[in-house]
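Asker: Single-letter residue listing:
Protein chains: 2
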Amino acid sequence: MMIPTVDIATRVYNHKWKIDPIVRSLIDTDFYKLLMCQSVFRNRPDTNVTFSLINRSTSIRLADLIDEGELREQLDYVRGLSLTRGESTWLRGNTFYGKRQMFRPDFMEFLENLRLPAYHLEKRDGQYELTFEGKWPEVMLWEIPALAIIMELRSRAVLKDMGKFELQVLYARAMARLWEKIQELDKLGSDLRIADFGTRRRHSFLWQDWCVQAMIEGLGDRFIGTSNCLIAMRRDIEAIGTNAHELPMVYAALATSENELRQAPYRVLADWHEEHDGNLRIILPDTYGSAHFLEHAPGWLAGWTGIRIDSGDPAEGAELAIRWWQSRGEDPREKLIIFSDGLDVAKMAELFQQFHGRVKVSFGWGTLLTNDFRGLVPGDGLAPFSLVCKAVAADGRPTVKLSDNPEKATGPKDEIERYKRIFEVGAQKAMKVEV
Amino acid sequence: MMIPTVDIATRVYNHKWKIDPIVRSLIDTDFYKLLMCQSVFRNRPDTNVTFSLINRSTSIRLADLIDEGELREQLDYVRGLSLTRGESTWLRGNTFYGKRQMFRPDFMEFLENLRLPAYHLEKRDGQYELTFEGKWPEVMLWEIPALAIIMELRSRAVLKDMGKFELQVLYARAMARLWEKIQELDKLGSDLRIADFGTRRRHSFLWQDWCVQAMIEGLGDRFIGTSNCLIAMRRDIEAIGTNAHELPMVYAALATSENELRQAPYRVLADWHEEHDGNLRIILPDTYGSAHFLEHAPGWLAGWTGIRIDSGDPAEGAELAIRWWQSRGEDPREKLIIFSDGLDVAKMAELFQQFHGRVKVSFGWGTLLTNDFRGLVPGDGLAPFSLVCKAVAADGRPTVKLSDNPEKATGPKDEIERYKRIFEVGAQKAMKVEV
Chain A
0 MMIPTVDIAT
10 RVYNHKWKID
20 PIVRSLIDTD
30 FYKLLMCQSV
40 FRNRPDTNVT
50 FSLINRSTSI
60 RLADLIDEGE
70 LREQLDYVRG
80 LSLTRGESTW
90 LRGNTFYGKR
100 QMFRPDFMEF
110 LENLRLPAYH
120 LEKRDGQYEL
130 TFEGKWPEVM
140 LWEIPALAII
150 MELRSRAVLK
160 DMGKFELQVL
170 YARAMARLWE
180 KIQELDKLGS
190 DLRIADFGTR
200 RRHSFLWQDW
210 CVQAMIEGLG
220 DRFIGTSNCL
230 IAMRRDIEAI
240 GTNAHELPMV
250 YAALATSENE
260 LRQAPYRVLA
270 DWHEEHDGNL
280 RIILPDTYGS
290 AHFLEHAPGW
300 LAGWTGIRID
310 SGDPAEGAEL
320 AIRWWQSRGE
330 DPREKLIIFS
340 DGLDVAKMAE
350 LFQQFHGRVK
360 VSFGWGTLLT
370 NDFRGLVPGD
380 GLAPFSLVCK
390 AVAADGRPTV
400 KLSDNPEKAT
410 GPKDEIERYK
420 RIFEVGAQKA
430 MKVEV
Chain B
0 MMIPTVDIAT
10 RVYNHKWKID
20 PIVRSLIDTD
30 FYKLLMCQSV
40 FRNRPDTNVT
50 FSLINRSTSI
60 RLADLIDEGE
70 LREQLDYVRG
80 LSLTRGESTW
90 LRGNTFYGKR
100 QMFRPDFMEF
110 LENLRLPAYH
120 LEKRDGQYEL
130 TFEGKWPEVM
140 LWEIPALAII
150 MELRSRAVLK
160 DMGKFELQVL
170 YARAMARLWE
180 KIQELDKLGS
190 DLRIADFGTR
200 RRHSFLWQDW
210 CVQAMIEGLG
220 DRFIGTSNCL
230 IAMRRDIEAI
240 GTNAHELPMV
250 YAALATSENE
260 LRQAPYRVLA
270 DWHEEHDGNL
280 RIILPDTYGS
290 AHFLEHAPGW
300 LAGWTGIRID
310 SGDPAEGAEL
320 AIRWWQSRGE
330 DPREKLIIFS
340 DGLDVAKMAE
350 LFQQFHGRVK
360 VSFGWGTLLT
370 NDFRGLVPGD
380 GLAPFSLVCK
390 AVAADGRPTV
400 KLSDNPEKAT
410 GPKDEIERYK
420 RIFEVGAQKA
430 MKVEV
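Quick mapping for you: the protein sequence lines, in order, are chains A and B.
So for the first sequence, numbering that gives the first Met the number 0 puts the first residue at 0; every next one is plus one.
So for the second sequence, numbering that gives the first Met the number 0 puts the first residue at 0; every next one is plus one.
Bound conformation, chain A alone (with noise of 0.2 Å):
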């Protein structure tokens, strides 16, 4: 009377499937992605940029994880996708830190056209050399994706062996750290502001909407959202980003003299100053080194909503940014600061103790959110690793980022000691960078 019954229909349906997709809408990508598609296809719509994937855990063999045609036909079934109606009504129709209509309706009927270009794929020693080449506006929306599916395809290459009951042990061992960890946050009391940044480094898909699950149950709105946009979408949720270093490295990458790529940061952020406000504009000033961003920053940057800090030690970057604030005549309370680098609980819990109060403190919390499965499986197969798909080249030009962490530099070695010299980046302090 036990024996569970199978439903005929589902398990036919079911074996029908050549491939089972990985990522399945154009908008399961971060929604800091389509804030800068939109102002590069403002600002810069021509510019020719190479994305290419870094796996900067080389240990990590991914060629002789992941089998090339299965590799392949998740990113052909991407390129096969197009925005659904839905999803344009979402975007088009949702308000977005209180602000409707975010996009514009040129760049909506842009995405609503768009398919994503083709890839280049090739093996070189035990690792996938995948680049995206084409115009910015196009090629850049392939970062997220591209992460996705092959941290995905690497967790099934490594629970492919495993019976059914290896995997409900290790997903409900999963689900008890999770959940540990969210009652440690909890903790922290009501100011806590949290949001999901995990997408790019998630185990799959559907672990990290379970997480997203797991983050509205265990911490109601102090969760504030998730950058995921499928997500955001489906569990009606707000999508949460802003703008990442893709957009200094391509305006300094095209720079032609050396005023205008140290001028380059600060003209990304102009370009944002122009179309967006309020929460928004947020500072992201590690690109070429924190320090001398600010020191040399424009008046009005000091007027924005608050930084993310994205390298170097977490704490000292939020001094120097409290510093900052207060040498330009700004309340560092009013200001809001975002952690977004490596984080788990611990480290949380110690940066909210010491700056809650001090300033508004927001975490992004990514891989150990949304892929925490470290020491689940025999030989750690499933630890998550440094994945990164970077713009490489702009209109021909070597792009560059220093960050304030010198393990995170990325460029070709001549590049980076000429951008080291113009924006006088000195010592910096090296920190392992584990996700």
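If you are wondering where the hints come from, they were derived from the structure by calculation, not from laboratory data.
Any given hint might turn out to be false.
Which copy is meant is left open, because identical chains are indistinguishable; a pair holds if it fits in one copy or across any two.
[What the hints assert, rightly or not] List of simulated lysine to any residue pairs, SDA-like, C-alpha gap at most 25 Å: (1) K163 to Q182; (2) K389 to R23; (3) K334 to E414; (4) K334 to R373; (5) K163 to D6; (6) K163 to W206; (7) K186 to L381.
Once you've looked at the hints, dock chain B against the given chain A.
Answerer: Using the frame of chain A, we list chain B on its own:
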């Protein structure tokens, strides 16, 4: 596209259930109840016995937690059960401990025609008084279903206001906890032998079934089986069990002289000796004190396969047994000691280290296998508690149990004193009864 489709027929069918039965089979009971029932059916079929539910954890006010109507529904449902054809075939045809046809045809016929007798239920002081009175071989089969029903109704009462997500997290945490315990047990090596003895105090039927699967997955053939006949049948594993205190308690109550009373525990095992051999010859010495029992035991008992230690300090009990075997010229290394009292992993590891190699060690893991939800809900409302269902009278005379722990003694005070005198039980070490 990812909204799960509902199977309408399943949904409608599920809504037709008037109740969700907790005990759905007469063999959802401990194997030793059937073995003892056969023995009683042969040797003492006309004895009139009263079984009574006793909640030793009086702080848990069961009558406030559990609705009387629901309890009656569940008990009534069990009264409607009879042995199915498949269950009968399994009992008749199976091999238990390598022996075929352990259940005699006359007993099988009795069992096939059995319906459980009436129950008597009253509320008193926040507790239920639940008693079963009738012919011993019939009423004795109420013990396990009655306990399982009360335990699961209590779980349901605590869980009923929890949302779907909370429940998912709860079970994920319980699964993760059990799996960690099993991994600890796995470290004890290849000589570990352990069985599920957790039917009577289980969180629920489905949870016990999951726990058994976890033990199979995690320990392979070191998990030697389950006391639960239904789960043994469904999961195709060994049904485990021998005999319990019920036999000497009733035999003792029926004794008409002090000498007969003193001999009652041996009389039980003499009857058992005639019927069973090998692994079923397990001494349970503690009903009226293990030391006195072993000291005065007849010679043939030393030839039995092993001893089950179910009260008192388990290490002391095992040392006592080892000395006893040695004093009777037996080699303890050929003997089996089954520990079965309030075990959890740390205690099992300790006992295993202490006795492995000196005797054959086996564990009957009960409540903390199938009902460890400690600390998982607010107010610890799912913590296991000490509920028993005991034979309290036989042919109008009260039963007595002393055990090796005065906290576990049952019976009228003056009778306990009389038994203590007759069985020469002096001072005993009190140990807290947790489960």
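Asker: Measure nothing new, just compare the shortest in-copy and cross-copy C-alpha distances for K163 and D6 to 25 Å and report within, between, both or neither.
Answerer: both (19 Å within a copy, 23 Å between copies)
Asker: Between K334 and R373, at a C-alpha cutoff of 25 Å, which is it: within one copy, between copies, both, or neither?
Answerer: Result: close neither inside a copy nor across copies, 35 Å intra and 44 Å inter.
Asker: At most 25 Å between CA atoms: does that hold for K163 and Q182 within a copy, between copies, both, or neither?
Answerer: Classified as between: cross-chain Cα gap 18 Å, same-chain 28 Å, threshold 25 Å.
Asker: Pop the pair K389 and R23 into one bin, within, between, both or neither, using alpha-carbon distances up to 25 Å.
Answerer: within (22 Å within a copy, 60 Å between copies)
Asker: Please sort K186 with L381 into within, between, both or neither, judging by C-alpha distance up to 25 Å.
Answerer: between (29 Å within a copy, 23 Å between copies)
Asker: Checking an output row: K334 and E414, CA cutoff 25 Å. Within, between, both or neither?
Answerer: neither (34 Å within a copy, 78 Å between copies)
Asker: Give the relationship of K163 and W206 under a CA distance limit of 25 Å: within one copy only, between copies only, both, or neither.
Answerer: Classified as both: same-chain Cα gap 17 Å, cross-chain 17 Å, threshold 25 Å.
Hints 3 and 4 from the list above are not met by this structure, while the remaining hints are.
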